[in-house]
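*Asks:* What follows is the residue order along each chain.
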Amino acid sequence: MRNSLLIISLCYLGLSSVQGQGLLDELYFEEKERTEMVQSTFKMIRIGMFHSVETRKKGVLELNAYTRYWNIPEIDGEVIESNSFASDRMSVRFGADLALTNKFTIGGGWSNNGVLDGYFKHRIVQQRTGKSNIPFSLTGLIGGSHRLENLDNIPGDGDPVSIYDSTIPNTSINLEDSFYDKTTVYAQLLIARKFNRNLSAQISPTFIYRGSNRFEENPNTTIAIGFGGRYKVGKHTSLFSEYYWLPESSALQNIETFGAYSLGVNWEVSSVQIQMFLTNTGNYAEDITITETPVNFNFKDGNLFFGWNFAYVLHLKKRKK
Amino acid sequence: MRKHLCLLLLLPLLMGFAKKGDKFIARNGKVSFFSYVSAENIKASNNQVLSLFEPNTNKLAVSILMRAFQFEKSLMQEHFNDSYIESDIYPKATFEGTVLNFDDDFSGTQTKIIKGNFTLRGITVPIKMKADITKTYKNYIINGETDLNIKDFKINVPQILANRISQTVKVSFNFKYDRYEK
Chain G
45 MRNSLLIISL
55 CYLGLSSVQG
65 QGLLDELYFE
75 EKERTEMVQS
85 TFKMIRIGMF
95 HSVETRKKGV
105 LELNAYTRYW
115 NIPEIDGEVI
125 ESNSFASDRM
135 SVRFGADLAL
145 TNKFTIGGGW
155 SNNGVLDGYF
165 KHRIVQQRTG
175 KSNIPFSLTG
185 LIGGSHRLEN
195 LDNIPGDGDP
205 VSIYDSTIPN
215 TSINLEDSFY
225 DKTTVYAQLL
235 IARKFNRNLS
245 AQISPTFIYR
255 GSNRFEENPN
265 TTIAIGFGGR
275 YKVGKHTSLF
285 SEYYWLPESS
295 ALQNIETFGA
305 YSLGVNWEVS
315 SVQIQMFLTN
325 TGNYAEDITI
335 TETPVNFNFK
345 DGNLFFGWNF
355 AYVLHLKKRK
365 K
Chain W
5 MRKHLCLLLL
15 LPLLMGFAKK
25 GDKFIARNGK
35 VSFFSYVSAE
45 NIKASNNQVL
55 SLFEPNTNKL
65 AVSILMRAFQ
75 FEKSLMQEHF
85 NDSYIESDIY
95 PKATFEGTVL
105 NFDDDFSGTQ
115 TKIIKGNFTL
125 RGITVPIKMK
135 ADITKTYKNY
145 IINGETDLNI
155 KDFKINVPQI
165 LANRISQTVK
175 VSFNFKYDRY
185 EK
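So the sequences go chain by chain: G and W.
Following my numbering, the numbering of the first sequence begins with 45 at its first residue and continues without gaps.
Following my numbering, the numbering of the second sequence begins with 5 at its first residue and continues without gaps.
Worth double-checking, as some hints may not be accurate.
[Said to hold, decoys possible] If you want the footprint, here are the derived chain W segments under chain G, 3+ residues with CB under 8 Å:
{"no.": "1", "stretch": "75-88"}
{"no.": "2", "stretch": "147-156"}
{"no.": "3", "stretch": "160-174"}
[What the hints assert, rightly or not] Restraint ranges, calculated between C-beta atoms of paired labels, are given here:
{"no.": "4", "chain 1": "G", "residue 1": "Tyr-224", "chain 2": "W", "residue 2": "Asn-45", "range": "46 to 54 Å"}
{"no.": "5", "chain 1": "G", "residue 1": "Ile-299", "chain 2": "W", "residue 2": "Tyr-40", "range": "21 to 29 Å"}
{"no.": "6", "chain 1": "G", "residue 1": "Leu-283", "chain 2": "W", "residue 2": "Gly-112", "range": "53 to 61 Å"}
{"no.": "7", "chain 1": "G", "residue 1": "Glu-74", "chain 2": "W", "residue 2": "Ile-93", "range": "20 to 28 Å"}
{"no.": "8", "chain 1": "G", "residue 1": "Met-81", "chain 2": "W", "residue 2": "Asp-136", "range": "30 to 38 Å"}
{"no.": "9", "chain 1": "W", "residue 1": "Phe-38", "chain 2": "G", "residue 2": "Lys-344", "range": "24 to 32 Å"}
{"no.": "10", "chain 1": "G", "residue 1": "Leu-144", "chain 2": "W", "residue 2": "Glu-44", "range": "43 to 51 Å"}
{"no.": "11", "chain 1": "G", "residue 1": "Leu-144", "chain 2": "W", "residue 2": "Asn-51", "range": "21 to 29 Å"}
[Claimed, not checked] DSS-like mimics (lysine-lysine), calculated; alpha carbons at most 25 Å apart, straight line:
{"no.": "12", "chain 1": "W", "residue 1": "Lys-34", "chain 2": "G", "residue 2": "Lys-276"}
{"no.": "13", "chain 1": "W", "residue 1": "Lys-96", "chain 2": "G", "residue 2": "Lys-175"}
{"no.": "14", "chain 1": "G", "residue 1": "Lys-279", "chain 2": "W", "residue 2": "Lys-158"}
{"no.": "15", "chain 1": "W", "residue 1": "Lys-47", "chain 2": "G", "residue 2": "Lys-279"}
{"no.": "16", "chain 1": "W", "residue 1": "Lys-158", "chain 2": "G", "residue 2": "Lys-76"}
{"no.": "17", "chain 1": "W", "residue 1": "Lys-96", "chain 2": "G", "residue 2": "Lys-361"}
{"no.": "18", "chain 1": "W", "residue 1": "Lys-34", "chain 2": "G", "residue 2": "Lys-279"}
What the hints contain is simulated information worked out from the structure, not anything from laboratory work.
Quick caveat: nothing in here was measured; it's all calculated off a predicted structure.
Every residue gets a Cβ at the ideal spot worked out from N, C-alpha and C, and that includes glycine.
I would like the entire structure built from these sequences, with the hints used as guidance.
*Replies:* Here it is in structure tokens:
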């Protein structure tokens with residue numbers, strides 16, 4: 045008897061406490077645990093110069109213009125006069141990227157360095173939180189570049205000093221002028237994690253294969269590892285940096301090369317995304333930038349390149365609600 | 005004597021159970037918003053909104069998951085979550101309020117004022133809105149709309165867009181309630 049009294053009193057207490065809750069508290073019990081895709085690991089399809097794990101959503105066409113500006117270095121202590129405004133030299137790449145599905149994006153571009161480039165990018169795994177948790181994102185990328193210049197037109201035979209003296213910075217000296225000889229293909233695995241709302245980091249193992257090489261001592265296959273990251277500093281602004289490291293055996297042997305590096309600011313609002321950065325290369329195609337950057341990153345003329353990437357996003361297909 | 009005491013204790017307990025059945029839930033409530041912009045309109049909708057309605061106390065609660073808002077443009081949705089609403093910090097918007105002068109005995113549609121507190125981005129603002137409440141044979145339907153001022157919730161619009169984006173957002177809602185059983 046006493047026991048049943050106790051049980052009833054306990055029930056009573058329990059119930060009165062349930063009744064004491066607000067309706068909103070009661071709703072919390074109704075909420076189902078969801079799996080959320082982690083979005084905005086990086087804001088653009090490129091961290092800066094190189095690809096990020098991000099792809100565009102279905103039906104999006106991105107038009108972009110990438111530019112680099114730099115000054116001609118002193119050669120043997122001799123300053124080369126230039127009448128150009130602000131910077132001695134500039135290069136530009138116009139490109140377009142089209143998302144065929146939410147996970148698959150293709151893109152290509154032309155640069156006035158005389159290079160065509162293109163890529164296919166597939167988002168294999170996207171970082172998730174919640175019910176099913178995946179701690180990282182994985183994207184696979186296959187791309188290539190084709191050099192349009194014929195051997196006759198390339199000045200200096202790949203001499204690293206003369207390269208930046210010309211508007212055609214091109215160390216890619218091929219053996220002959222066939223399509224195969226002037227083409228390079230590459231594959232990348234992009235692994236990234238958004239650690240918190242501000243910090244994202246990426247590691248990108250890269251494999252590059254060149255069609256042909258003028259200098260026998262240079263390797264035709266190259267392995268490189270890219271490191272990149274971004275830190276969000278404002279609602280629409282983030283800082284980014286990236287670096288590609290090559291093992292000695294993978295680097296060009298006839299000239300000294302350095303890892304491509306960039307440090308910059310990413311700003312986006314509405315349909316416009318802009319990146320401004322400092323770097324040590326005036327090239328655009330991934331394979332050329334990674335393997336053939338002949339200067340180290342510093343603030344000297346000829347070494348410092350100012351980069352400005354502009355992207356405009358168009359939604360060709362609007363999603364049904 | 006003890007038996008009577010037991011019964012006496014049981015009585016409110018049973019009453020409590022009876023009362024519980026008087027709650028109504030909407031699991032797929034629809035909330036959409038619309039903002040007029042000179043360049044293009046911003047609109048999004050969410051049809052996974054949760055709401056509880058208690059007709060005998062006239063109380064109403066709503067919980068809106070921000071990530072569930074669907075936009076026509078994917079980039080707009082990303083900006084909404086990442087730069088404006090910051091849904092990783094503030095995943096939900098909530099409303100808790102009362103329907104004023106609600107007559108539960110009247111079956112059919114009645115237009116009433118709902119008064120309560122709306123919380124978005126951790127900021128609570130008291131709001132009042134007009135709503136149509138329809139009582140049918142076994143459920144309730146509530147729909148209506150209200151205007152929210154984005155300044156109230158400290159949603160910063162960059163200067164470059166400030167004069168292109170309207171300061172008020174029209175929010176409309178439609179909830180269909182069924183009897184709530186746990």
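*Asks:* Next step is simple, just say for each hint if it's right about the structure.
*Replies:* Consistency of the hints with the structure:
1. 75-88: Held - the stretch 75-88 of chain W has 11 residues with a Cβ nearer than 8 Å to chain G, which meets the minimum of three.
2. 147-156: With 0 residues closer than 8 Å to chain G, the stretch 147-156 of chain W misses the three-residue bar; violated.
3. 160-174: holds (count 4)
4. Tyr-224(G) <-> Asn-45(W): 46 to 54 Å: holds (52 Å)
5. Ile-299(G) <-> Tyr-40(W): 21 to 29 Å: Since the Cβ atoms of Ile-299(G) and Tyr-40(W) sit about 59 Å apart, the hinted range of 21 to 29 Å is violated.
6. Leu-283(G) <-> Gly-112(W): 53 to 61 Å: Because 60 Å falls inside the window, the suggested range holds.
7. Glu-74(G) <-> Ile-93(W): 20 to 28 Å: holds (23 Å)
8. Met-81(G) <-> Asp-136(W): 30 to 38 Å: holds (36 Å)
9. Phe-38(W) <-> Lys-344(G): 24 to 32 Å: violated (55 Å)
10. Leu-144(G) <-> Glu-44(W): 43 to 51 Å: violated (24 Å)
11. Leu-144(G) <-> Asn-51(W): 21 to 29 Å: holds (27 Å)
12. Lys-34(W) <-> Lys-276(G): Status violated; Cα separation ~33 Å.
13. Lys-96(W) <-> Lys-175(G): Within the cut-off at roughly 17 Å; holds.
14. Lys-279(G) <-> Lys-158(W): holds (12 Å)
15. Lys-47(W) <-> Lys-279(G): Status holds; Cα separation ~21 Å.
16. Lys-158(W) <-> Lys-76(G): Violated, at about 29 Å.
17. Lys-96(W) <-> Lys-361(G): Violated, because 29 Å separates the two Cα atoms, which is more than 25 Å.
18. Lys-34(W) <-> Lys-279(G): Roughly 28 Å separates the two Cα atoms, so the pair is violated.
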